[in-house]
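Trainee: Sequence:
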Amino acid sequence: MKKSEIRAMIREELNAGKEYIVWGIPKGKTSEEVLYTKAKSDGEAKKVAKLLSSKYGITKARVQILDLTTKPEFSQIFTKGK
1 MKKSEIRAMI REELNAGKEY IVWGIPKGKT SEEVLYTKAK SDGEAKKVAK LLSSKYGITK
61 ARVQILDLTT KPEFSQIFTK GK
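Just so you know, we're using the numbering used here here: the sequence shown kicks off at 1 and counts up by one.
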């Protein structure tokens, strides 16, 4: 097995169960929207965000990573505000 194949397998395993969502404000709008949800990695999502910003005038582009392999700790949400 080649090193590149091993790296690809590791990358795929690390990204399993994660979703990479690109958000931003489209040109002519004032509210943030989901712009892209098909990215397979953080790097790919960042490239898409950069492309949308430079080519289509998207502002405040950002990447949200949802890790669907871990349970959210809702108790922390309610205790932080106290």
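Since the hints were derived computationally from the structure, they do not count as laboratory data. These numbers were taken from a predicted model, which means no experiment stands behind them. Careful, some of the hints might be misleading.
To be verified - Derived DSS-like pairs (lysine-lysine); straight-line CA-CA distance at most 30 Å:
(1) LYS71 with LYS38
(2) LYS3 with LYS27
(3) LYS18 with LYS47
Trainee: Each hint should be assessed against the structure and marked as holding or not.
Mentor: Results for each hint:
About 22 Å separates the Cα atoms of LYS71 and LYS38, which keeps this hinted pair within 30 Å; it holds. A hinted pair counts as satisfied when its Cα atoms are at most 30 Å apart, and LYS3 with LYS27 does not qualify at roughly 42 Å. Restraint check for LYS18 and LYS47: the C-alpha separation of about 17 Å stays at or below 30 Å, so the hint holds.
When each numbered hint is compared with the structure, a violation occurs for hint 2 only.
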